[in-house]
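Chemist: Chain by chain, the residues:
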Amino acid sequence: MSFSRLRLGGAVGQLGSIIVTLLGLLVLTFFIGRMMPADPVRAIVGEDATRETYEQVYHALGLDRPVWEQFVYYMRDVLTGNFGTSIRTGQPVIQDILHVMPATIELATFAILIGACLGIPMGVFAAVNKDRWPDHAVRVFSLFGHSMPIFWTGMIALIVFYAHLDLVGGSGRMDQFYIGLVDERTGFLLIDSLRAGEMDVFWSALNHLILPATLLGYSSSAYITRMTRSFMLDQLGQEYVTTARVKGLSRGQTIWLHAFGNIRVQLVTIIALAYGSLLEGAVLIETVFAWPGFGSYLTSNLIIGDMNAVMTCVLIIGVIFIGLNLLSDILYRIFDPRTR
Amino acid sequence: MSAAVETHTLPGWLNALKNILLFLLRSPTSAFGLAVLAVLILCALFAPLIATHDPYVQALGNTLKPPGNGHLFGTDELGRDIFSRLVYGARITLTIIFLVSIIVGPVGLLIGASAGYLGGKFDTVLMRITDIFLSFPSLILSLAFVAALGPSLNNAIIAIALTSWPPIARLARAEAMTFRKADYIAAARLQGASPLRIIVKSIMPMCLPSVLIRLTLNMATVILTAAGLGFLGLGAQPPLPEWGAMIATGRRYMLDNWWLVTFPGLAILTVSLSFNLLGDGLRDALDPKQMNKR
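If you read the protein sequences in the order shown, they are chains A and B. Position 244 (the first sequence) corresponds to 244 in UniProt numbering; numbering is contiguous. Position 252 (the second sequence) corresponds to 252 in UniProt numbering; numbering is contiguous.
Worth double-checking, as some hints may not be accurate.
What the hints assert, rightly or not - Going by beta-carbon spacing under 7 Å, a handful of chain B positions derived as facing chain A:
{"no.": "1", "residue": "Val39"}
{"no.": "2", "residue": "Ala227"}
{"no.": "3", "residue": "Phe231"}
To be verified - Ranges of calculated distance between the beta carbons of each label pair, as one might list FRET restraints:
{"no.": "4", "chain 1": "B", "residue 1": "Leu286", "chain 2": "A", "residue 2": "Asp131", "range": "15 to 21 Å"}
{"no.": "5", "chain 1": "A", "residue 1": "Gly248", "chain 2": "B", "residue 2": "Leu286", "range": "40 to 46 Å"}
{"no.": "6", "chain 1": "B", "residue 1": "Ala182", "chain 2": "A", "residue 2": "Asp131", "range": "31 to 37 Å"}
{"no.": "7", "chain 1": "B", "residue 1": "Ala182", "chain 2": "A", "residue 2": "Gln238", "range": "29 to 35 Å"}
These are computed hints drawn from the structure, not numbers from a lab. From the three backbone atoms N, C-alpha and C, an ideal C-beta is built for every residue, glycine too.
Could you build all of it, start to finish, from the sequences and the hints given here?
Modeler: Below, the structure written as structure tokens:
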């Protein structure tokens, strides 16, 4: 029984379970989409359409077929990348989403960087000072970030830092008069503006990004801090730490070079997972900051009841989540020699 | 609760509850959590006595008044007293927590205990379903459910319940798996008890304590999700003084009238923080290693 065969077996099993989960995801979005009390035909044809038009659209949407057949059609559509047309923009939903996605990725990436820069040192600090006041202070600080309703914190931050102190940009991705100045090539405003050499736009974009990203990062740092603390505690309790100290290494060297070195792999996987849950906060914070990203797209379609767009968004978030789980698993396998 | 009647006999569970409470009170953070919870319950019970004004009565001549002058937290865009609305809002918050918990607890417990006890295909299928639910952030899935059901407070509660049973089921399953091989279960089976009877009578009570803790820990998330739904206009609908919805309507006026959004948000923050602190303390209280050390 060779090593590689075992790993292959594991990979196939994992692939199988991912396919089953994805299928389940489709069933779930399909049924939520159908549960809707509103009439999808009325939404398309309008209130005063004739009976014939209604019947025609009813038939065209496949609503007169058995449910399982409709599901097969739905699955076929999804697999071929056909997610329907958005009622609001008249464009294919998937095209809309691809258009708004970079704004969200830009925000979430900055947020996770801030969250990690905040959470990891705090977690290490708390672990090193376990059960003393710094530990409690860190715990309360990070629980605070975890407990705040992020849409509210966003508003308060806007009132304080934008309206009163005028330190940062307000809502949107950049100041109004810069809009349209830079060609959208990647959709990532910071990259696009740098490539075009428009430094004013770059600074404006950064100025608008910093507040929502900090708030999102703070809220996600709670999880990172907690996990870092518990990983560090595991390491600090082991004998090699004592040995290193006895051999004459300083406290800092022992903590950062030895103990911290051993938790890096675990931290990477944790951060991948935290990135996924950031998306949840992103939906709310984007609404507050009028950030033209995925979250704003989702909520604006929720309000007008465009289920096609909403369910596609939900499906995509589910796929991103599964993808991130898988990624964190793979990273763990690659970086941790013990799993080989 | 009939605590007063039962004190002289003090059954085991009540004694345990007393110990847990004493432990929680010893740590300042969880004592704070308990205190806030007590205030919240008092506010909800005695809202008509505590509130200084009627939360629904509009006074269009007295709109957007800053705090002071008989209005502790000021008035909103329709001249309603914000303090009174917050006090009545405590009722809504508690209703949400209560209803979600009594739906999610039994459902998660039953599903998890059955999956853990029966095992095999049944377990695989049920756990696969929980995996699917867990692959969404809870707010996003609730959003989808509310969008499908139509926005209202009841639908928000249903949606939150639908999305928060999987972690409970997971936990109950893990607990049930440790009990399924126990001798007393085998004894029950030999006596001819049906699987359903064993699950309900012998397995579920054993899973109950950890499920209760998990429910407490969940409450902070439930509050934040409910407030988020209210903020997006998908939860409680306007005249209702739900805290998230109050923030949503206050948003239009926030730059000039900070009190409209500040106080409801502080209420949400305080309550969710105290549930988190309480859950943290509860985790310590039921961890035997911690208990002995103190």
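Chemist: State for each hint whether it applies.
Modeler: Status of the hints after comparison with the structure:
| no. | hint | result |
| --- | --- | --- |
| 1 | Val39 | violated, 16 Å |
| 2 | Ala227 | holds, 5 Å |
| 3 | Phe231 | holds, 5 Å |
| 4 | B:Leu286 - A:Asp131: 15 to 21 Å | holds, 18 Å |
| 5 | A:Gly248 - B:Leu286: 40 to 46 Å | holds, 42 Å |
| 6 | B:Ala182 - A:Asp131: 31 to 37 Å | holds, 35 Å |
| 7 | B:Ala182 - A:Gln238: 29 to 35 Å | holds, 34 Å |
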